[in-house]
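**Student:** Chain Z is fixed; fit chain C onto it per the hints.
Below, each chain spelled out in residue letters.
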Amino acid sequence: MSYFNDIKREATFIAKQKYRVAFVLAAFVLSVFAVWSGITETQTQHATIARLLEKDHTDRVNVQSHQSDFGSAAYYTFHLTYAEPSPMAFAAMGQRDVFPWKHRIRMLALEGQIYETDADNPELSLVGRFDYAFLISVLMPLFVILLLHDLRSGEKEAGRFDLLTVTTSNQRALWLTRAAVQSAALGVAIMLPFVVGAIVTGASALNVALVVAITIIHLAVWTTIAFAIGGIKRFASMNSARVASSLLGIWLLITVMIPVAGDTIIKSAVQSPSGGQIVLTQREAVNGAWDLPFSATWDEFLATHPQWADKTDMNSLFEWKWYYAFQQVGDQTAAPLSSSYREAIQRRDKLASYIAWVSPPMLTQRVMTAIADTNTHAMMAYEASIRQYHADLRQFYYPLLFNNVEFSVDVLNDLPSFNKQGDGVKSSQP
Amino acid sequence: METIKHIFTDEWRYWQRTKLGITVLLIGLVLTLAAVVVNTMNIQQAAFERKQLQETAEARFVDQPDRHPHRMVHYGHYVFRTPSQLSTVEPGVDAYTGTSIFLEGHRQNSAIFADQRQSSGMTRFSSLSPSFLLQILAPLFVIIVGFASVTREKEAGTLNIMITQGLSLSQLFVGKYLALFCGSLLFILPVGIASIFATLNGEATVITLGFFVGYCFYMAVWCGVVIGISSLFNKSSASFASSISMWVLLCILVPRIGSSTAAAIEPSQGKLEADFAVLEALRKLGDGHNAQDPAFAALKANLLAQYDADDVSELPVNFRGVVAQYSEQKLTDVLNRFAEARMDTELAQTQVSRWFGWLSPTVAIRTFSMAMAGTNIETHHRFLREAEILRFDFVQSLNKVHADHLDYNHDVNRYKNEDTATAAKVDASHWQVLSSFSFAPAPTMDRIQQSLSAATQLLFWVLLTVGFLVVAIRRVKP
Chain Z
958 MSYFNDIKRE
968 ATFIAKQKYR
978 VAFVLAAFVL
988 SVFAVWSGIT
998 ETQTQHATIA
1008 RLLEKDHTDR
1018 VNVQSHQSDF
1028 GSAAYYTFHL
1038 TYAEPSPMAF
1048 AAMGQRDVFP
1058 WKHRIRMLAL
1068 EGQIYETDAD
1078 NPELSLVGRF
1088 DYAFLISVLM
1098 PLFVILLLHD
1108 LRSGEKEAGR
1118 FDLLTVTTSN
1128 QRALWLTRAA
1138 VQSAALGVAI
1148 MLPFVVGAIV
1158 TGASALNVAL
1168 VVAITIIHLA
1178 VWTTIAFAIG
1188 GIKRFASMNS
1198 ARVASSLLGI
1208 WLLITVMIPV
1218 AGDTIIKSAV
1228 QSPSGGQIVL
1238 TQREAVNGAW
1248 DLPFSATWDE
1258 FLATHPQWAD
1268 KTDMNSLFEW
1278 KWYYAFQQVG
1288 DQTAAPLSSS
1298 YREAIQRRDK
1308 LASYIAWVSP
1318 PMLTQRVMTA
1328 IADTNTHAMM
1338 AYEASIRQYH
1348 ADLRQFYYPL
1358 LFNNVEFSVD
1368 VLNDLPSFNK
1378 QGDGVKSSQP
Chain C
374 METIKHIFTD
384 EWRYWQRTKL
394 GITVLLIGLV
404 LTLAAVVVNT
414 MNIQQAAFER
424 KQLQETAEAR
434 FVDQPDRHPH
444 RMVHYGHYVF
454 RTPSQLSTVE
464 PGVDAYTGTS
474 IFLEGHRQNS
484 AIFADQRQSS
494 GMTRFSSLSP
504 SFLLQILAPL
514 FVIIVGFASV
524 TREKEAGTLN
534 IMITQGLSLS
544 QLFVGKYLAL
554 FCGSLLFILP
564 VGIASIFATL
574 NGEATVITLG
584 FFVGYCFYMA
594 VWCGVVIGIS
604 SLFNKSSASF
614 ASSISMWVLL
624 CILVPRIGSS
634 TAAAIEPSQG
644 KLEADFAVLE
654 ALRKLGDGHN
664 AQDPAFAALK
674 ANLLAQYDAD
684 DVSELPVNFR
694 GVVAQYSEQK
704 LTDVLNRFAE
714 ARMDTELAQT
724 QVSRWFGWLS
734 PTVAIRTFSM
744 AMAGTNIETH
754 HRFLREAEIL
764 RFDFVQSLNK
774 VHADHLDYNH
784 DVNRYKNEDT
794 ATAAKVDASH
804 WQVLSSFSFA
814 PAPTMDRIQQ
824 SLSAATQLLF
834 WVLLTVGFLV
844 VAIRRVKP
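Just so you know, the protein sequences line up as chains Z and C, in that order.
Quick note: the first sequence uses my numbering, first residue 958, plus one each step.
Quick note: the second sequence uses my numbering, first residue 374, plus one each step.
These are calculated hints, taken from the structure and not from any lab test.
Keep in mind that this is a model prediction, so the values were computed, not measured.
In this text, a Cβ means the ideal position worked out from N, Cα and C, and glycines have one as well.
One or more hints might be untrue.
Computed footprint of chain C on chain Z, listed as stretches where at least three residues anywhere in the stretch have a Cβ under 8 angstroms from a Cβ of chain C [said to hold, decoys possible]: (1) 1070-1081; (2) 1240-1248.
Using 27 angstroms as the maximum straight-line C-alpha spacing, the simulated DSS-like pairs for lysine-lysine come out as follows [what the hints assert, rightly or not]: (3) 1224/Z <-> 424/C; (4) 703/C <-> 1012/Z; (5) 608/C <-> 973/Z; (6) 657/C <-> 644/C; (7) 1012/Z <-> 657/C; (8) 975/Z <-> 703/C; (9) 1012/Z <-> 673/C; (10) 1268/Z <-> 789/C; (11) 773/C <-> 798/C; (12) 378/C <-> 392/C; (13) 392/C <-> 1113/Z; (14) 703/C <-> 1113/Z.
Just chain C, with the same shape it has in the complex:
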């Protein structure tokens, strides 16, 4: 133990003396800290803005004057997605997905206003998000600090001396490894602070802790790779070139190759094209605006029989409202079926790119981190689904108002003159049917479940690194 401690402090002293190590460590720390601060401010700003817009949208809806209820179905509503707590560290897909959806009758719209479209376009490769720094740049810093940890001793001949003095190789490795690992912890320190903040703001401790531990594992893998490579070579320059090649391969190449492969072998149809099939299916359902559409003949016959009436005008309910309710239900079933199919293909595509986590720890940590933070594509899908639930809910509530509170005869004569137009309106108090919307990422257990496969990949990398180190120790030729 004493020896390990000795090697540990020696390593730190070396970084201090040569300046390079300590400079890189400090640069890394300052960068992550700056990234966390800037990103937290941006996210909080966005969260505030979207919350305000959400409140405005809700207030405007209930403030609408007396109207025909179907006007309100088309007036519609906007929902805004508020970012999750941990998106201060891992913004994930937030900038690439629309943050708002327009909800209206008979249609499912796509999410609009992705931030990336409003940016300068300079952040397509790099971004100031802490996750980019940790996943891509931190390994590079670890390499620059640690590439010579073993080769240096070989080049100076000190490795031989240490061994002849009775130092065991494993002690040497553990000491060097711990020194490098503790150095790399400096990079994740700001993330730890941000995680504590997120916990204080209501994020589950399991999530923030798991999130932090995930990044520790990732750093552990890279430290192992660097020490292992360093011990395999006799020259620092060779060790350096190999580590950097490894970094280019694992951090930059594999993730992008994964994304290009996913797009190439699992192409997704796109909403626009899928919508044609939706239209085709919808046309069979009949137009809900037209109560005379033959598609509603059975509905009409049933209602007339139920209330023992001869004509729809004698019904105690507004037939036009009933048709609106009926056709919205049918239509939504179709829309949801297609929407689910679309999300499934999109998810299948994502799974292809996530599979590359077996080939690169960077892909694994990214998937893990986004799942834990609730900023992955599943969260976006969750947003789409929740928005749809709200849409269906308020549209059907309005249709119910249409059926129950608006006289059929007033309704059909609504365009005749000013008086009939006024008679075909309902009181504005009915607009209270809108429930308020606030988006939260999936519950803790769901997020943990989503991150399991990526966690497995990370563990696989940890084990692989341990194996690599064991092999490396055996092969050390002093």
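This is chain Z alone, in the form it adopts within the complex:
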């Protein structure tokens, strides 16, 4: 009962300080904005995908009706691939504005197409979005600092410190209750709009619970830091502003300096082939084939597709099966470069996940985007699903081309459809 009274007393005390109430209200308003803009953005993306699916279908049916052989059908038809935003994406847009989430591909060499990016406005990406993940990872610590830096020093400056310490039975409990009450108010103000938003988008209860837990943990980390710094003897004689400066220094170190230094180190530690090299290599391989004897293409192609070994005879200088075979060879030639390019991204991401352990805001950001399926891992999984789909298309067309099947539009009804393998992949690492 006495605990309850303590909390009630502190809450009434805090509520009388207008600027603290204003801070909490501001946090609430900001959270509402973050959730609203996040939901608007995901809704726009869902609507875009729905429109694209429809247009893509109309376009493909239209194109297919004009074809007279499977080779041209494969050449002229594009196929839409996409990664829907998860119900949690509104809270953490993550890498969705840098990596593509929609892509149309066709049967040509994939390495020449996959890097095309229908990216968002780069100036907006540079500034970054104001989403819930940003609010809790970068901004919330600042709010905690502003609320708690003068926990003890504020009372000293007001001349009440000695009186308070004398009249209370447990000093520590007093400051702790006061810090906890303010942090709790801040946390509720920030989380309330999120929970409402998550209900609107239909996020799973488990994910909502996870995000709430992360918010609380991150809030607790900063409350502890602010509480501990204020309690250290060395800081006891300092005025509020100096305590806050020290706290801001800590914030600066772990929110800005560690990620920036980490990024620089990671960049130099993990070398990556330049993207330009991949596409140049791929292009030489594909276009060079026109000037090489057919056997050059067939040798390379049969190395990976031995089942077509006895179907490589050519009746003309141009046949679609040969055309698609050298497209395949182009991809095979660029494959080592391309996979080390992707490995570099993954290794950099992996290293970043280690560094994140010494930067709680970074860790929060990473866990949030992992839950929301908007991290590098999820975007790479989407790319992998495009590659898989492209391989499926090849598997579909090769028998038609090599067996000289007579053309019929109806056969194209069995074209593999893009099923979003990316959606099922949950990323476990933070």
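**Tutor:** Same frame as chain Z, but now just chain C:
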């Protein structure tokens, strides 16, 4: 004057004595210096790499063997965007836009290989670019150094003494203000050095000077805000909390809210979706690969009449090449119309976020700085347009070779046997039609014009700060 100088030196002496001020100033200086050095090295590395790739791409193109000219249209070409001089200080959108485009016939591809996709993903909030340090962190340092400049005198009671000794408040303010402003100049010192370097490397002096002055204005605004707030409060702690709140609001919140608002109220369609409309329009034009397409009947009739021929095989030009030229022209008109519309929407979206410069000096300086450095979205659009000009130029040159230097009868029989295939090739010397590409940011005057509205916003902030200071002086209660 003597008094102002006195107050000025006093302020510096105070920072030295308390260590906090001088430490923060030095940390700021070292950070910006490190950022300028690291960033310059990165940019130079990127510039070198892209220049090399550009040369490789050009060399490979002209080194191609004898071929059918249309093969070269599909062989295509790559262009790479070299970074601008001042991107050593303001990298702008460079990391967020593709740095390379594949140019080929019948298509406008998007820019590929944005650096941000290759990074660790840790630099989405902060980055080691000097511009981030100056725009976001420097104001924080100014606050930590200067929040107590006036409140300190109030708390110690020295303000009263100074006033009774006949010191005018405006003298006190000017002295304190100049002290803080000179301190903040330490942060932009490395930028000044980088600007001089950029000038030596060929950047226009008007640009580098304007760029530097812009940052001075920005610092001037923040110094004013800090001194003003400091004089409004009686306690250092209150002054500190208010200044920091101001910083969170102006440097972190407003820019991001601006970007989210722009995305929400002015959504852009995206290239993929716009491409469907392009396809729809293109389908009406006919397929340039197929000279029999009914869309080219009028063209055929005209040509036959012009040369008084009965059949396309009798024409002195290769009809297939003529069709390729004709349809590429039509197609490019359509592609450009849609591309321009897309850039317009993207620009409209950006303008929404730039409008927030009236609400935050940080947005104003960012817009200004990117416009001056030539690293804003307009520069990216310029890259897209220049790449398109090159694309159209070499594709049409090849189509002209196709029309003029390749016999029609050889052309239609090209897949018959080895001999006809060889006959349907043209000499590799024709590949010299490719002109070399080197990207430079917009001319000086264009960049100044682009930065005008942001410069106005900055001036507005300077005036607002002056007004704020005047009000603050009047309200000082010793």
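**Student:** Hint by hint, which ones does this structure get wrong, listed from lowest number up?
**Tutor:** 8, 9, 14
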